[in-house]
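Trainee: Each chain, written out:
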Amino acid sequence: MDLYPVWLSFQVATTATGLTLLAGLPLAWVLARRRFAGHDLLESAVMLPLVLPPTVLGYYLLLLIGSRGPVGRALGALGIELAFTWRAAVLAACVGSIALLVKAAQAGFESVDQRLEQAARTLGRSEWNIFWSVTLPLAWRAVVAGTTLAFARALGDFGITLMVAGSIPGMTQTMPLAIYDRVQANQMHDANVLALIAVVSVTALLMGLGRLARVRF
Amino acid sequence: MRRIALALLLVAWVAPAAAGPAPQPLLIYGAADLAFALKEIVPLFEKAAGARVAVVLGSTGTLAKQIENGAPADVFFAADERFVDDLRARGIVIAESRTLYAQGRIVLATSVKTGVSVTGLGDLARSEIRRVAIANPAHAPYGRAARQALEAAGLWERLRPKLVYGENIRHALQFVETGAVEAGLVAQSIADVPGIRAVPIDPALHQALNQYAVVVKRSARPELGLAFIHFLIGPEGRPIMRRYGFRLPGEF
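Chains as they are written, first to last, in my numbering: chain A, 190 to 406; chain B, 36 to 287.
Worth flagging that the hints you see were computed from the coordinates, not collected in a lab.
For each residue, glycine too, the CB sits at the ideal point set by N, CA and C.
Among the clues, some could well be false.
What the hints assert, rightly or not - To give an idea of the interface, some chain B residues facing chain A are shown, with a C-beta separation under 7 Å as derived from the structure:
#, residue
1, Val91
2, Gln138
3, Arg205
4, Gln209
5, Glu212
6, Ala215
Stated by the list, open to error - Using C-beta positions, here's what the derived DEER-type ranges look like:
#, chain 1, residue 1, chain 2, residue 2, range
7, A, Ile269, B, Glu186, 44 to 50 Å
8, B, Leu240, A, Thr244, 30 to 36 Å
9, A, Arg257, B, Leu79, 33 to 39 Å
10, B, Ser162, A, Leu192, 32 to 38 Å
Stated by the list, open to error - From the derived model, a few chain B residues whose C-beta atoms are all more than 12 Å from chain A:
#, residue
11, Pro60
12, Glu116
13, Arg232
If we strip away everything but chain A, and leave its shape as in the complex, we get (with noise of 0.2 Å):
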């Protein structure tokens, strides 16, 4: 059977996890440490892909990435291609779970002692040195977990990756919906081994991510 779904959803949902950390840490950096005004707002922004139904998120994606959408024909006149391409799969799996690295994030970079930070700062540290010598080390547990917390939920993602990437057998189609599709076509043990797959590899990045963190510290 074709194992390739399993090979495309660790593919998108590593991409989707480095990018989701480009993003999320300095979002929830300035959230932890700045006020600004809107600073509510654009936290409960943040939440908003938790909330809403994957499936609206995921028609609104469309619209904006798609063919006629005002990004995908910006893109589209650079000869980039987003919609239903395995990086418009990497798109919904961010979109889907930056909020679990941010929140996360945020709460550990607020439990660290700004006392400490403002140490390093008479000692002349800049600002982007104190982030990675004080702030994300203290902060590192919460860091991790929100990591594997946004990586399993991209690797899970359903309805996102369905409205913009489609399920396009050999290109789009990730290990959920090509569980989904097998369902359907009532192919149940290309279902079960897909299913298997996804439990047994998840179960055991988990873990070993867990005993990773707890070891370093």
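Chain A is already provided as a structure; the job is to place chain B on it using the hints.
Mentor: Relative to the frame of chain A, chain B by itself:
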């Protein structure tokens, strides 16, 4: 170290695009009622044309929506003509490629598992039939035909509380196959499977399901897509389509 990881991530993101277009298979978006027929016809065409073909199945409406939003389909096999004409009006498909390829029928399907037997639509009102599956009439032509048949038989209002909507016709059949519902109105073309009993329904009860195929404008290989449509209604495809209960152009 961090910078290297970052750079690697960016490369992983961009690389597939930079590698240039890999030889993509001819992508066929097909209504779910074609599931079995395409499974047999596609390998024959691949051999005859020396091209790879991939199939995406779904409800006609869902697939049309995806194509409208830029899905990379080369050919679209709809289960009716409405959605095809809608795409044509929007200039998304090649108007001249629009081809009538089959006429579909609906059947009343029950699972051997549940032990319920029916002989006609009227039986659906019986109390031992607690649920009836149809495809979503809003975007699945076979669901629309099922609704029309039930309305024509004067059963729609009475059966409404029992109805379960499948996302597409294959999904509706799956409800019946698993015994989750006692009966379903599904496409004849997918109902000939073990464990399913199918009773034909008078086609006069619903609008004819005239199924049209069309080549999508953005396709890089419109000739190959057109060749596939002709193959399906040609000497190779015809007997297979007929075996799955489709009526073919010139035969109805």
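Trainee: It remains to establish, for every hint, whether it holds in the given structure.
Mentor: Verification of the supplied hints:
| no. | hint | verdict |
| --- | --- | --- |
| 1 | Val91 | holds, 5 Å |
| 2 | Gln138 | violated, 24 Å |
| 3 | Arg205 | holds, 5 Å |
| 4 | Gln209 | holds, 5 Å |
| 5 | Glu212 | holds, 5 Å |
| 6 | Ala215 | violated, 11 Å |
| 7 | Ile269(A) to Glu186(B): 44 to 50 Å | holds, 47 Å |
| 8 | Leu240(B) to Thr244(A): 30 to 36 Å | holds, 33 Å |
| 9 | Arg257(A) to Leu79(B): 33 to 39 Å | holds, 36 Å |
| 10 | Ser162(B) to Leu192(A): 32 to 38 Å | violated, 46 Å |
| 11 | Pro60 | violated, 7 Å |
| 12 | Glu116 | holds, 23 Å |
| 13 | Arg232 | holds, 16 Å |
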